[in-house]
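**Q** In case you want the letters, here they are:
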Amino acid sequence: NAGVMQNPRHLVRRRGQEARLRCSPMKGHSHVYWYRQLPEEGLKFMVYLQKENIIDESGMPKERFSAEFPKEGPSILRIQQVVRGDSAAYFCASSRGQGAADTQYFGPGTRLTVL
Amino acid sequence: GENVEQHPSTLSVQEGDSAVIKCTYSDSASNYFPWYKQELGKGPQLIIDIRSNVGEKKDQRIAVTLNKTAKHFSLHITETQPEDSAVYFCAASPSAYNTNAGKSTFGDGTTLTVKP
Numbered sequence: 123n124a125g126v127m128q129n130p131r132h133l134v135r136r137r138g139q140e141a142r143l144r145c146s147p148m149k150g151h152s153h154v155y156w157y158r159q160l161p162e163e164g165l166k167f168m169v170y171l172q173k174e175n176i177i178d179e180s181g182m183p184k185e186r187f188s189a190e191f192p193k194e195g196p197s198i199l200r201i202q203q204v205v206r207g208d209s210a211a212y213f214c215a216s217s218r219g220q221g222a223a224d225t226q227y228f229g230p231g232t233r234l235t236v237l
Numbered sequence: 023g024e025n026v027e028q029h030p031s032t033l034s035v036q037e038g039d040s041a042v043i044k045c046t047y048s049d050s051a052s053n054y055f056p057w058y059k060q061e062l063g064k065g066p067q068l069i070i071d072i073r074s075n076v077g078e079k080k081d082q083r084i085a086v087t088l089n090k091t092a093k094h095f096s097l098h099i100t101e102t103q104p105e106d107s108a109v110y111f112c113a114a115s116p117s118a119y120n121t122n123a124g125k126s127t128f129g130d131g132t133t134l135t136v137k138p
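Here the protein sequences come in this chain order: A and B. 123 is the number of the first residue of the first sequence in the numbering used here; add one for each residue after it. 23 is the number of the first residue of the second sequence in the numbering used here; add one for each residue after it.
Take these hints with a grain of salt, some might be off.
As the list claims (entries may be wrong) - Derived lysine to any residue pairs resembling SDA-like cross-links, with alpha carbons at most 25 Å apart: (1) B:Lys-44 / B:Ala-85; (2) B:Lys-90 / A:Gly-164; (3) B:Lys-64 / A:Asn-129.
Hint data in this document are derived by calculation from the structure and do not stem from the laboratory. These numbers were taken from a predicted model, which means no experiment stands behind them.
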């Protein structure tokens with residue numbers, strides 16, 4: 123039973139480019155969460171999605187960041203016109219049930235470096 | 023919103039000793055409290071969790087206690103081993119029926135070092 127999968131594991135972008143991070147939830151899970159982790163800091167909630175719906179995006183910066191979880195395929199976190207401050211590890215988690223009260227399982231993360 | 027504080031930020035113990043990490047939270051609506059272990063370069067892995075209808079839960083060398091009145095919960099690791107060395111995160115999550123159901127709030131982490 124495969125766990126949460128994220129790709130790429132490492133991503134290097136120059137300032138102004140776009141970054142696309144992918145997350146495939148565990149089999150049977152329809153809820154996806156994205157978190158950002160700065161070096162030596164905790165995880166900060168960004169967005170919670172179900173298939174084709176954004177449930178809670180209160181942690182997402184209002185500009186340049188967007189997320190989707192289409193009916194088919196992985197969830198995508200998209201960062202446009204990246205800046206150096208976007209350099210971080212981005213983790214995706216998935217759960218079977220509704221909301222954060224159901225156990226979340228994390229992927230290995232995508233480490234974004236903006237040059 | 024929810025605020026989770028975690029202490030200590032670093033903890034060093036001798037192999038075989040016990041380690042205790044404590045977290046406090048602010049939102050009385052939170053009722054699910056997972057603990058994660060993160061090794062270098064990897065994603066957080068769930069090690070134990072507790073829900074608000076339970077005061078204590080144990081899984082081999084790991085135990086978690088919850089005091090809802092005081093709004094704090096703790097992770098206890100007994101007979102520590104070098105492979106327990108990692109960063110540990112606590113989190114607090116609201117009820118699934120809360121409007122903030124998606125938002126888990128994490129502590130800032132505790133770096134545990136177990137010396138052989």
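**Q** If a hint holds in the structure, say so; if it doesn't, say that too.
**A** Right, here's what the structure says about each hint:
For the hint linking Lys-44 (chain B) to Ala-85 (chain B), the alpha-carbon distance of about 12 Å falls within 25 Å, and the restraint holds. For the hint linking Lys-90 (chain B) to Gly-164 (chain A), the alpha-carbon distance of about 23 Å falls within 25 Å, and the restraint holds. Under the criterion of a C-alpha separation no larger than 25 Å, the hint pairing Lys-64 (chain B) with Asn-129 (chain A) is consistent with the structure, at around 13 Å.
Checked against the numbered hints above, the structure violates none of them.
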